[in-house]
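Protein chains in written order, with UniProt numbering: chain A, 1 to 550; chain B, 1 to 167.
Simulated from the structure, these hints should not be mistaken for lab results.
If you're wondering where the values come from, they're calculated on a predicted model, not measured in any experiment.
Incorrect hints may appear among the rest.
Reference listing, derived: stretches of chain B covered by chain A, where coverage requires no fewer than 3 residues with Cβ under 8 Å from a Cβ of chain A [stated by the list, open to error]: (1) 5–12; (2) 46–58; (3) 78–89.
List of simulated lysine-lysine pairs, BS3-like, C-alpha gap at most 27 Å [as the list claims (entries may be wrong)]: (4) A:K165 to B:K46; (5) B:K84 to A:K247; (6) A:K249 to B:K139.
Between beta-carbon pairs, the in silico distance windows are [unchecked claim]: (7) B:L41 to A:R537: 56 to 66 Å; (8) B:Q33 to A:A17: 34 to 44 Å; (9) B:P83 to A:T140: 38 to 48 Å; (10) B:L41 to A:E110: 34 to 44 Å; (11) A:T176 to B:H62: 35 to 45 Å; (12) A:Q312 to B:S167: 51 to 61 Å; (13) A:R537 to B:D156: 47 to 57 Å; (14) B:R164 to A:Q312: 29 to 39 Å; (15) B:G70 to A:E110: 45 to 55 Å; (16) A:R538 to B:D156: 20 to 30 Å; (17) A:Q395 to B:R164: 22 to 32 Å; (18) B:K13 to A:A28: 26 to 36 Å.
Yeah, the Cβ is synthetic: ideal placement off N, Cα and C, and Gly gets one too.
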Amino acid sequence: MYVYDEHDRQIAAERVAQFRDQTERALAGELREDEFLPLRLQNGLYVQRLAPMLRIAVPYGMLRSAQLRRLARITRDYDKGYAHFTTRQNVQLNWPAIEDVPDILAELAEVEMHANQTSGNCIRNTTTDQFSGVQADEITDPRPYCEIIRQWSTFHPEFAFLPRKFKVAVNASEHTDRAAIQVHDIGLQMVRNDQGELGFRVHVGGGLGRTPMVGPVIREFLPELDLLTYLEAVLRVYNRYGRRDNKFKARIKILVKALTPEGFAAKVEEEWSHIKDSPTRLTEEAISQFKGYFTEPDYQQVPDVTDTLATQRFENREFDQWITHNVDSHKHPGYAIVTLTMKKTGTPPGDVSDRQLEQIADLAEKYSFGEVRVTHQQNVVLADVRKDELFELWQAITPMGFATANLNTLTDVICCPGGDYCALANAKSIPVAEAIQRQFDDLDFLYDIGNIDLNISGCMNACGHHHVGNIGVLGVDKKGQEFYQISLGGSSHHDAAIGKILGPSFARDDMPEVIQKIINVYVDHRTEEEPFLDTYRRIGIEPFKERVYA
Amino acid sequence: MPDLITSDGSIRKDNWAVVPRPADGDSLDIPDQPSLIPADLWLAGKEHFENREDIGVWLDSHEEPEILAGVVNELPVIAVNFPKFSDGRGYSIARLLRERLNYRNELRAVGDVLLDQLQFMKRCGFDTYVLRADKDINKAARCLNFFTQGYQAATDTDVPLFRRRAS
């Protein structure tokens with residue numbers, strides 16, 4: 001994991017001092033609210049419905065135990081004792097006092113954390129696959145490149161006042177895309193070309209929100225050393241020509257569409273031709289320095305426990321289910337990847353208490369080299385667990401509520417905080433998630449219907465990524481009443497697609513029954529082993545419409 | 001005469017007037033003092049302004065600095081207008097003027113210029129700043145220097161941090 005050097009520490013300290021100064025001037029009335037707004041947003045501070053909200057950056061989702069413990073302490077000392085893992089792999093606090101935020105940032109800086117650019121019209125936290133570095137099918141570990149992008153984008157003097165927010169994601173797996181790169185402003189797929197050289201396939205102009213789009217490829221192969229100069233060219237074209245007259249048309253996807261992907265690509269190439277050999281061009285040495293921070297942990301030669309595990313699974317059905325659903329294979333023999341689910345029915349997806357943060361810190365230290373990753377599905381990953389310790393780990397996490405064996409199933413809902421917390425929301429989302437979880441409380445039925453992405457957002461801003469859910473739910477406001485619109489067929493993976501709207505929206509109380517009907521249509525039509533999305537693509541939306549609106 | 005800030009944090013008198021774009025049909029009315037006129041109008045009447053040390057130009061945020069390619073160093077001052085402080089196009093314009101068009105004379109930020117943007121402006125190549133009148137000019141020096149270094153190469157340094165670390 002990346003560790004700060006003296007430069008990073010100095011920049012972090014200067015950032016805290018800067019924000020303290022800005023906050024003091026804002027509280028003294030020297031900064032108007034509209035002037036303070038972008039400054040506080042770029043330090044993670046929103047002013048929300050019930051209280052301020054502070055979004056803390058978790059670069060590419062990685063956290064150390066010491067950082068988790070500090071987050072726990074901050075939630076106790078400055079908030080109400082819990083935090084929330086977001087779909088951006090970040091952490092949010094819901095109730096800090098504005099005047100405390102500089103102190104919170106100072107506490108974060110002590111453990112090499114910050115809230116830089118977690119909001120505002122600038123380059124946001126770069127995200128990636130939570131299984132980076134531990135899975136067998138990846139081209140290379142994407143995290144060093146994420147850290148390179150993080151540093152380049154931090155306080156970039158040219159790109160702090162873009163037309164709109166800007167999100168970058170990197171994926172290096174050949175067979176899956178857990179980072180949803182095609183629905184980002186820039187999505188970077190790591191690839192090797194015919195000569196075996198490492199580089200990126202560059203998607204630009206994907207995104208959710210009001211005008212959801214899958215990002216087209218604007219460059220098939222970008223050599224790795226050219227990463228930053230090319231990003232700089234894309235951002236400069238966007239900064240100069242992105243629309244600023246209408247915030248709903250200000251994302252880069254609108255510019256890419258207006259110019260056509262080919263036209264946009266040509267503009268970027270023109271810009272890039274001037275700067276591709278500038279000092280911003282990466283060097284082999286720089287990349288290997290960054291790679292040096294993401295080396296393998298000290299894996300042990302561990303005994304082959306296949307037989308023992310088989311016995312434990314045979315004797316304990318719940319353990320068996322947990323292994324099947326929440327544990328993934330690891331590239332190193334004798335190890336496994338464990339996902340702790342934050343989706344226990346009755347707990348808002350992603351919510352975590354101070355005590356739980358400390359429990360996760362302890363678990364990471366005991367079982368996974370002191371590190372965890374936050375996932376964009378709002379769960380937490382222990383990436384390096386010895387197989388011979390899986391049973392003990394499962395016993396430990398069951399009472400903590402992290403062992404709900406529903407990963408990737410219908411009840412592993414991605415859900416934004418919605419109208420319970422968020423000032424932007426049109427409708428509540430958490431109670432809908434909970435009602436659906438209660439409707440599908442039979443694990444055997446859940447397993448039978450297989451993996452389904454159910455994503456819920458409380459408004460058009462799509463924090464819950466509803467457009468790319470196999471089943472998407474969007475909260476809408478109709479004359480002051482909350483209703484829910486359903487879309488089907490979305491995907492955030494390699495086969496990325498925007499879901500199609502089923503039809504008129506539903507009252508909240510009807511939602512569990514509506515989802516049940518959708519599932520029933522799938523069960524009636526599926527062929528053996530056919531996942532929900534494939535069935536949908538084969539039979540189309542009509543059979544679902546007929547049943548749901550019958 | 002109002003004051004302006006220079007990138008070393010000092011305060012000096014500003015005797016340059018920014019001449020607004022005349023309405024359609026009107027002619028440019030240049031006052032009897034050093035003046036910054038719209039860049040396209042300067043280009044259109046370039047012969048007329050030859051060797052005038054008291055005439056510079058200003059660009060608005062939607063304008064293309066490329067129109068000045070090849071002639072930038074005939075100008076003593078180029079100003080870039082920030083119509084709103086949240087309009088970030090001026091930063092790209094500044095870098096293009098400095099790094100692509102090789103402009104070497106004074107580059108000035110005008111318009112909605114606030115304290116907390118000064119260091120970004122400095123890093124993108126501005127060297128004078130006409131702060132919005134209601135802001136405390138005595139706080140500018142501190143705001144120009146919140147950070148002692150940056151991660152990226154920009155106009156102020158061509159050595160990004162990754163290159164400094166490697167050396």
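Here is what the structure says about each hint:
A stretch counts as covered by a chain when three or more of its residues have a beta carbon under 8 Å from one of that chain; for the stretch 5–12 of chain B and chain A the count is 0, and the coverage is violated. Look at the stretch 46–58 of chain B against chain A: 0 of its residues bring a Cβ nearer than 8 Å to a Cβ of that chain, fewer than three, so the hint is violated. Using a Cβ-Cβ cut-off of 8 Å, 5 residues of the stretch 78–89 of chain B lie near chain A, which meets the minimum of three, so the contact claim holds. Restraint check: the Cα-Cα separation between K165 (chain A) and K46 (chain B) comes to about 40 Å, which exceeds 27 Å; the hinted pair is violated.
About 15 Å separates the Cα atoms of K84 (chain B) and K247 (chain A), which keeps this hinted pair within 27 Å; it holds. For the proposed pair K249 (chain A) and K139 (chain B), the alpha carbon gap of about 36 Å is over 27 Å, so the pair is violated. Checked against the hint of 56 to 66 Å, the pair L41 (chain B) and R537 (chain A) passes, with Cβ atoms roughly 59 Å apart. In this structure, Q33 (chain B) and A17 (chain A) meet the distance hint of 34 to 44 Å, their C-beta atoms being roughly 40 Å apart.
Between P83 (chain B) and T140 (chain A), the C-beta spacing of about 45 Å keeps the proposed range 38 to 48 Å intact. Separation of L41 (chain B) from E110 (chain A) is about 55 Å and departs from the stated range, judged on CB atoms against 34 to 44 Å. As the Cβ distance of T176 (chain A) to H62 (chain B) is approximately 43 Å, the hint placing it in 35 to 45 Å holds. The supplied range of 51 to 61 Å is met by Q312 (chain A) and S167 (chain B), whose beta-carbon atoms lie about 54 Å from each other.
One distance hint, 47 to 57 Å for the beta-carbon pair R537 (chain A) and D156 (chain B), holds here, with the actual separation near 53 Å. Between R164 (chain B) and Q312 (chain A) the beta carbon distance is about 53 Å. The supplied range of 29 to 39 Å is therefore violated. Between G70 (chain B) and E110 (chain A) the Cβ separation comes to about 52 Å, which falls inside the hinted range of 45 to 55 Å. Distance hint check for R538 (chain A) and D156 (chain B): the Cβ-Cβ separation is about 58 Å, which falls outside the suggested range of 20 to 30 Å.
Checking the proposed 22 to 32 Å range against Q395 (chain A) and R164 (chain B) shows it is violated: the Cβ atoms sit about 50 Å from each other. The given range of 26 to 36 Å is respected by K13 (chain B) and A28 (chain A), whose C-beta atoms sit roughly 28 Å from each other.
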